[in-house]
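Starting from the given sequences, assemble the full structure and let the hints guide the process.
Number of protein chains: 2
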Amino acid sequence: MHHSIGSFLFEYLHNQGVDAAFGIPGDFALPIFRCLEQSPIRLYTMTHEPSVGFAADGYARMRGLGVACVTYCVGGLNMLNSIACAYAEKSPVIVISGGPSPGDRRHDPLLHHKVRTFDTQRRIFEEVTCATAVLLDAESAAEEIMRVAAAVRASCRPGYIELPYDMVDLPVKHPVLRNIPPPESDQENLEAALAEALELIAAAKQPVIIADVELHRHGLTDRALEIARQFNIPIAATLLSKSIISENNPLYLGVYSGGLSEAGVQAYVEGSDCVIMLGAFITDVFLGLNTAKLERRHTLLANTEKVRIGLHAYENVQFADFLLGLARAKLLPKSFTLPPRPEALKPLGENEREEKLDAEAFFRILGLNLPEDATLICDTGDALLGAMSLRTSKRNNFLADAYYLSMGFAVPAAIGALAAYPEGRVYAIVGDGAFQMTGMELSTAAKYGMAPVVCILNNDGYGTQRHVIDGPFNDIHPWRYTKIQELLNYGQAVRVTTKGGLDQALKQAAAGGEMMVIEVVIPRDSCSRALQRMGEKLGELRDPDKKAGGKA
Amino acid sequence: MHHSIGSFLFEYLHNQGVDAAFGIPGDFALPIFRCLEQSPIRLYTMTHEPSVGFAADGYARMRGLGVACVTYCVGGLNMLNSIACAYAEKSPVIVISGGPSPGDRRHDPLLHHKVRTFDTQRRIFEEVTCATAVLLDAESAAEEIMRVAAAVRASCRPGYIELPYDMVDLPVKHPVLRNIPPPESDQENLEAALAEALELIAAAKQPVIIADVELHRHGLTDRALEIARQFNIPIAATLLSKSIISENNPLYLGVYSGGLSEAGVQAYVEGSDCVIMLGAFITDVFLGLNTAKLERRHTLLANTEKVRIGLHAYENVQFADFLLGLARAKLLPKSFTLPPRPEALKPLGENEREEKLDAEAFFRILGLNLPEDATLICDTGDALLGAMSLRTSKRNNFLADAYYLSMGFAVPAAIGALAAYPEGRVYAIVGDGAFQMTGMELSTAAKYGMAPVVCILNNDGYGTQRHVIDGPFNDIHPWRYTKIQELLNYGQAVRVTTKGGLDQALKQAAAGGEMMVIEVVIPRDSCSRALQRMGEKLGELRDPDKKAGGKA
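The listed protein sequences derive, respectively, from chains A and B. Residue numbers are given in this note's numbering: position 213 of the first sequence equals residue 230, and the series is strictly consecutive. Residue numbers are given in this note's numbering: position 429 of the second sequence equals residue 446, and the series is strictly consecutive.
Calculated from the structure, these hints are not laboratory results. Incorrect hints may appear among the rest.
For identical chains, the list gives no copy identity; a pair is met inside one copy or between any two copies.
Subject to a maximum C-alpha distance of 25 Å in a straight line, what follows is the list of computed SDA-like cross-link-like pairs (lysine to any residue) [to be verified]:
| # | residue 1 | residue 2 |
| --- | --- | --- |
| 1 | Lys-464 | Arg-497 |
| 2 | Lys-373 | Gln-525 |
| 3 | Lys-373 | Pro-359 |
| 4 | Lys-411 | Arg-358 |
| 5 | Lys-310 | Thr-514 |
| 6 | Lys-554 | Ser-118 |
| 7 | Lys-323 | Arg-133 |
| 8 | Lys-310 | Leu-355 |
| 9 | Lys-554 | His-124 |
| 10 | Lys-464 | Ala-155 |
| 11 | Lys-310 | Gly-288 |
| 12 | Lys-554 | Asn-196 |
| 13 | Lys-464 | Pro-489 |
| 14 | Lys-347 | Asp-375 |
| 15 | Lys-323 | His-124 |
| 16 | Lys-524 | Gly-276 |
| 17 | Lys-351 | Ser-56 |
The following block contains the structure:
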């Protein structure tokens with residue numbers, strides 16, 4: 018059977034596990050959208066391109082591959098920040114952009130949507146993707162599609178495919194399937210690395226594993242768990258990998274993020290004589306804005322880019338091979354004593370129901386009401402830092418752009434998560450400033466009958482920044498957030514100011530099966546302990562006066 | 018007096034005529050925002066970066082230079098599409114981005130907001146700006162600022178300045194002022210070009226000037242008018258330059274855009290034996306999606322990039338010199354007979370007040386109620402094409418991204434226009450799809466007490482695209498647009514379905530001095546004649562079935 022290039026593209030992606038795509042059409046992309054509508058992939062059309070990228074990213078984090086479909090330049094460039102986020106945090110999103118036809122490009126005319134040259138958009142996306150292709154040639158189109166998809170899967174970074182409108186319906190030439198062997202480890206280096214690692218672990222009195230996000234992205238979490246169980250070594254997560262293992266697992270220590278961590282977690286990790294960092298990006302967030310106290314010779318780092326034991330880097334050692342080697346090794350199981358678990362959340366007393374909310378109370382009451390099977394999606398700011406202390410039992414039910422830290426991630430990512438598992442329950446926590454960026458994307462939830470629970474943490478402006486440098490620029494116009502229910506004519510909305518009010522709203526949300534927007538009013542200066550620590554640290558960095566002892 | 022780099026930057030821009038800037042803070046940019054608050058420039062903080070770029074663009078189109086201030090990557094990259102628009106349409110916007118410190122960059126760590134390398138954002142902005150600078154060195158900072166600003170002014174394209182957070186408050190080294198002589202014309206070529214141009218014009222029976230947007234951008238409109246008056250040659254505008262001269266001027270012909278034009282205008286221009294295109298970008302929109310019938314040997318093109326008379330290109334001829342040469346030349350004034358002016362808009366009859374609205378009626382009733390001094394800002398789609406037929410008496414009171422055609426331009430550009438002239442009256446016309454992209458930016462109008470009049474043309478989805486290829490992807494979730502008034506707790510809002518209702522709402526808007534959102538309900542298939550012509554043309558291009566005679 019003859020396929021068109023467009024139908025080949027979407028069938029191929031469907032075979033790779035993609036059952037939903039996100040997009041906004043535009044004239045250069047209309048034939049792609051018609052083709053996508055006819056494919057087995059469900060299409061979610063949204064309101065604004067920045068959200069399209071975040072939704073595809075959210076879907077990709079949950080399902081292993083995401084697709085964002087946009088028009089040329091006015092669509093694609095408007096999504097660039099979201100794709101940059103996916104690049105920084107290794108989320109495998111394929112961007113499919115419409116484009117001018119090969120004929121249009123001859124003589125280089127000024128065509129609408131063109132910025133500088135016809136190649137401008139592709140060159141820009143080269144900066145934030147692992148592979149790009151412009152399908153100007155029907156002969157090679159299928160192979161180009163497979164090349165980009167393979168690169169995206171291998172590196173878990175975004176890829177870019179530009180499909181000119183008049184190429185969509187051309188017959189595809191079926192590709193020669195090439196078996197490209199996966200990269201192999203240098204055996205001698207691998208064995209030496211394993212030997213040194215095992216020696217370090219064997220000698221260690223208090224080893225700890227930090228299980229970071231690359232394990233999840235590359236499907237290697239179970240291997241890391243196997244290692245932890247076999248050697249009986251506790252596991253910490255990071256802000257980016259929170260919930261990578263069940264937080265009820267007896268091996269689970271907590272979220273480590275340098276000086277932003279809870280004290281017991283920080284002390285345990287930094288007191289360790291063997292910190293085994295698996296799949297970790299060593300970012301400033303990982304390091305708690307560089308407050309971490311880790312000595313390199315007591316650490317072992319293995320990820321897709323490098324394997325380093327103490328001060329010795331080993332070249333050409335594949336991450337998966339190294340993990341497999343560790344898992345197969347024999348060592349006497351360690352013994353350990355974890356710091357006391359955080360106390361179980363104190364149930365809400367009848368006598369405190371009328372008390373005003375603050376940030377700590379919000380997270381406590383949320384924790385008391387969060388269904389076990391819910392996916393929690395946190396936006397940047399205290400929505401993220403405050404959630405550090407919540408413990409959930411299900412794996413992979415936490416999403417946040419916890420390294421790139423772009424505001425506006427949570428609401429559109431919740432759309433993506435609900436498209437990934439339409440029966441799932443999704444809670445998004447978002448600050449008022451971030452909600453003003455992309456919160457109206459709840460329009461898409463309404464369009465497709467989705468039922469996210471959205472908690473807007475209204476602390477009257479850019480609260481995180483107030484802790485760094487404050488000024489009128491951190492003020493925002495106060496929205497009546499609950500009016501969104503009337504504007505969209507969909508779901509429920511409620512504004513809560515007391516502990517009892519929040520409790521009741523969350524119970525209603527858990528029971529209701531409807532979209533629920535909860536405006537959570539907290540004082541302007543209220544924040545989690547973690548945010549307070551972060552604000553102080555950033556304040557010192559950004560504002561020399563603060564370091565010098567504070568201003569009058 | 019010793020200045021800091023930050024205060025030098027904003028004082029310099031203020032001296033260049035910038036009295037308002039637009040932005041959203043972020044931690045790498047907070048010291049810049051503190052400095053900006055203390056500068057003589059008014060700061061407008063907005064809700065989402067795509068709007069920041071459009072607002073600065075709108076301001077720049079009206080005032081000659083605009084400033085958009087954002088944080089590193091998560092802010093800057095989120096504004097890329099708006100700056101690409103400014104590049105494509107030559108709007109002089111200076112992007113000021115926060116950035117990591119020189120110290121942060123040592124050893125290339127993974128710092129939050131970083132995408133791939135510390136230079137990623139600058140490299141991306143190189144694709145959509147005429148000059149970039151990263152101020153890593155206090156010694157050269159002032160000269161770098163002046164270099165970028167000079168390039169922006171000379172080319173009317175955006176520029177990019179990245180200012181690390183810890184450089185903002187360092188003392189600035191005052192720059193050596195260099196007088197860079199402006200580029201000069203090759204005198205022999207200039208004289209030959211003028212001689213050939215004058216010969217062509219002298220011989221022409223029906224010459225016509227197309228006055229396009231570069232005249233406005235480079236302050237040369239009066240020179241073009243001088244030429245038109247002296248030779249008595251009529252003037253057409255384009256979609257991008259509409260209102261470049263008063264549309265009541267006896268020399269004014271109308272808006273030319275190939276087959277999208279009104280019939281009389283198209284016939285006059287295409288029947289001309291000497292089409293003098295001044296400051297024109299020869300884009301597909303200029304050419305009415307390539308429906309224009311212009312023979313090159315009957316045209317004369319002069320802009321900042323080239324001077325071509327018939328088939329002869331003249332190198333190194335400066336646009337301004339060429340215009341001056343024409344203006345000084347002596348020729349017998351031409352005589353001409355313009356096609357009949359469009360009839361004056363028919364006043365609204367009492368008997369039709371109850372009639373349902375359609376697109377044509379909307380533009381007619383808008384035209385009847387548009388104050389003479391109002392600035393009209395049109396979003397992409399029928400909001401733009403339908404406005405082609407409106408005539409206004411004031412110069413430069415029309416804004417649209419009529420070549421790049423990015424949706425979502427009008428509402429944020431209206432904020433920019435009101436910041437440019439706080440006493441001015443601004444009407445934004447925007448489709449429902451485009452309003453869902455950036456319409457919530459009316460939050461910023463509320464924050465600063467602005468009173469735009471916003472007409473949302475609600476035709477139930479992406480109407481322009483329905484005329485090209487239709488499908489469920491052109492549907493959007495129906496908002497109750499008037500609820501925005503309650504959500505923002507600001508201004509007035511009304512939904513109108515009849516001619517009388519619209520008339521009343523516009524009268525109330527004109528009288529009120531309050532922000533007014535008017536949801537204008539028109540049938541899904543209703544559009545202006547120009548959009549119908551455009552849809553048919555694009556449909557043929559994008560959908561081969563349509564060209565072949567239409568589908569069943």
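> With identical chains treated as interchangeable, where does the CA-CA distance between Lys-310 and Thr-514 reach 25 Å or less: within a copy, between copies, both, or neither?
Replying inline: neither (39 Å within a copy, 66 Å between copies)
> Is it within, between, both, or neither for Lys-323 and His-124, if the alpha carbons may be no more than 25 Å apart?
Replying inline: between (46 Å within a copy, 16 Å between copies)
> With identical chains treated as interchangeable, where does the CA-CA distance between Lys-373 and Pro-359 reach 25 Å or less: within a copy, between copies, both, or neither?
Replying inline: within (24 Å within a copy, 65 Å between copies)
>> Treating 25 Å as the Cα threshold, decide for Lys-373 and Gln-525: within, between, both or neither.
In response: Within one copy only: 19 Å inside a chain, 43 Å across chains, cut-off 25 Å.
> How do Lys-464 and Ala-155 come out at 25 Å by Cα distance, when the copy is not named: within, between, both, or neither?
Replying inline: Answer is neither: 36 Å inside a copy and 52 Å across each miss the 25 Å cutoff.
> Checking Lys-554 and His-124: alpha-carbon separation at most 25 Å within a copy, between copies, both or neither?
Replying inline: between (55 Å within a copy, 21 Å between copies)
> How would you label the pair Lys-554, Ser-118 (within, between, both, or neither) given a Cα cut-off of 25 Å?
Replying inline: between (52 Å within a copy, 15 Å between copies)
>> Treating 25 Å as the Cα threshold, decide for Lys-310 and Gly-288: within, between, both or neither.
In response: For Lys-310 and Gly-288, only the intra-copy Cα distance (9 Å) is at most 25 Å; the inter-copy one is 79 Å.
>> Treating 25 Å as the Cα threshold, decide for Lys-554 and Asn-196: within, between, both or neither.
In response: Classified as neither; 50 Å inside a copy, 45 Å across copies.
>> Reference check for the pair Lys-464 and Arg-497, CA-CA at most 25 Å: within, between, both, or neither?
In response: Classified as both: same-chain Cα gap 22 Å, cross-chain 13 Å, threshold 25 Å.
> Between the shortest in-copy and the shortest cross-copy C-alpha distance, which are at most 25 Å for Lys-464 and Pro-489: within, between, both, or neither?
Replying inline: between (36 Å within a copy, 12 Å between copies)
> Given a CA cutoff of 25 Å, do Lys-347 and Asp-375 count as a within-copy pair, a between-copy pair, both, or neither?
Replying inline: Neither: 50 Å inside a chain and 79 Å across chains, both beyond 25 Å.
Going down the numbered hints, you'll see the structure goes against 5, 10, 12, 14, 16 and 17, while the others check out.
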